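**Student:** Work out the full structure: start from the sequences and follow the hints.
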Amino acid sequence: MARITGGVTTSHVPAMGAAIDRGETKSDYWAPVFAGYEWSKKWIAENLPDVVILVYNDHASNFSLEVLPTFAIGCAEYFEVADEGFGPRPVPLVYGHADLACHIAEKTILDEFDITICNKLDVDHGLTVPLSLLFGQPEAWPVRVIPVAVNVVEYPQPTANRCYELGKSIRRAVLSYNEDLNVQVWGTGGMSHQLQGARAGFINSAFDHDFLDRIVADPESLKQIGHLEYLREAGSEGIELIMWFIMRGALGENVHQLHRFYHVPASNTAVGHLVLDALN
Amino acid sequence: MSEPTDFDDIPGTTVFTTQRSRQGFHLNQFCMSLMKPENRERFRQDEQLYLDEWPLSDAQKQAVLDRDYNAAIAEGGNIYFLAKIFATDGKSFVDAAANMTGMTPEEYRAMMIAGGRSPEGNRSIKEGR
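Just so you know, the sequences run in chain order Y and B. In terms of the working numbering, the first sequence opens at residue 52 and continues consecutively. In terms of the working numbering, the second sequence opens at residue 98 and continues consecutively.
Honestly, the hints are just simulated from the structure, not real lab data. Some hints could be false.
Each computed BS3-like pair below joins lysine-lysine, with the alpha-carbon atoms no more than 30 angstroms apart [said to hold, decoys possible]:
id: 1; chain 1: Y; residue 1: Lys93; chain 2: Y; residue 2: Lys77
id: 2; chain 1: B; residue 1: Lys188; chain 2: B; residue 2: Lys223
id: 3; chain 1: B; residue 1: Lys158; chain 2: Y; residue 2: Lys77
id: 4; chain 1: Y; residue 1: Lys171; chain 2: Y; residue 2: Lys219
id: 5; chain 1: B; residue 1: Lys133; chain 2: Y; residue 2: Lys171
id: 6; chain 1: B; residue 1: Lys188; chain 2: B; residue 2: Lys133
Nothing here was measured: the structure is a model prediction, and the numbers come from that model.
**Tutor:** The following block contains the structure:
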């Protein structure tokens, strides 16, 4: 049977991808950011999963305002890398795991999570930057990836609680899949940041540190935070943090923190990164 | 428009609601068209001509021509869509953020390296916190 063995959370700042693509990771500005991922790169090389369920948000790349699903899952054999206005990132094609993705779609919908099925999905920096952070610049990605896209662009985004419960449903689906697969779940985006208006550049390190503590040890207390508090305390784009709850719900009740990293800034954003071992 | 909400109490922030999404539908769809290299090229060659192909208000067109991102947001633009304009210009999110805060990119970068904009005084207008 398939197993969920671990989880990763990380910010997915586009400038981090650009720094990797341009070979600038050793610069004075970027070296302290990428230092936080060195341990994780070694860890994942030694604990390589078969499949990563990668929770991210589309940034007006695949989903226009014509159709904007709250939750969507990529069921295709592969996913093209989107052109976000400056040409596609020079990264490998992302291969999916169609059979497991279809199984998760079926199980979660019958479990009353009405997730949108995507048989074509172009993926942007929200998905490719986390892959680059963990795997560097390989010829081909060493894992299959099932994209799970969450609307965080337009209010109302799903609640943190809904994301947490969807994570639990994804867990049930994976554990009922009849093939021996090692599966990780990654939650991306965040931490505090604001990209718009006169308050752009907003960073709340106290909020971020508390979030890092509680997403590991006490997600039940953390999931009560609502939209207004995210907007006030984490910046208008900090609400991406709801996506970490899908990862956390999928890992089961008890987890062990293997690695934690926090740094300000990467471009406009506070970078947060966790590696968690699933104990159940 | 709907009644003012608690969102209006957050300083310097425009929440992209379903109503704003309606208001900015064509503006944001225009932005997404710049994901195709041939459209970027046509836009660069004659911005006004390209904009005139879209059912945008004069204020929306002017905000794009002026690269006034605060004005574009006031007209229903969303930053992830507007990013296609500044990506076409070869500009980064830091450049765009500086534009919206009235700072130079150098000043803005320095603020971020020093830890970013503090939450103190930036949470609520009416509560002054």
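**Student:** Could you run down the list of hints and mark each one as holding or not?
**Tutor:** Now for the hints, and whether the structure bears them out:
1. Lys93(Y) / Lys77(Y): 18 angstroms, holds
2. Lys188(B) / Lys223(B): 35 angstroms, violated
3. Lys158(B) / Lys77(Y): 41 angstroms, violated
4. Lys171(Y) / Lys219(Y): Satisfied, since the Cα-Cα distance of roughly 25 angstroms is no more than 30 angstroms.
5. Lys133(B) / Lys171(Y): Satisfied, since the Cα-Cα distance of roughly 18 angstroms is no more than 30 angstroms.
6. Lys188(B) / Lys133(B): 17 angstroms, holds
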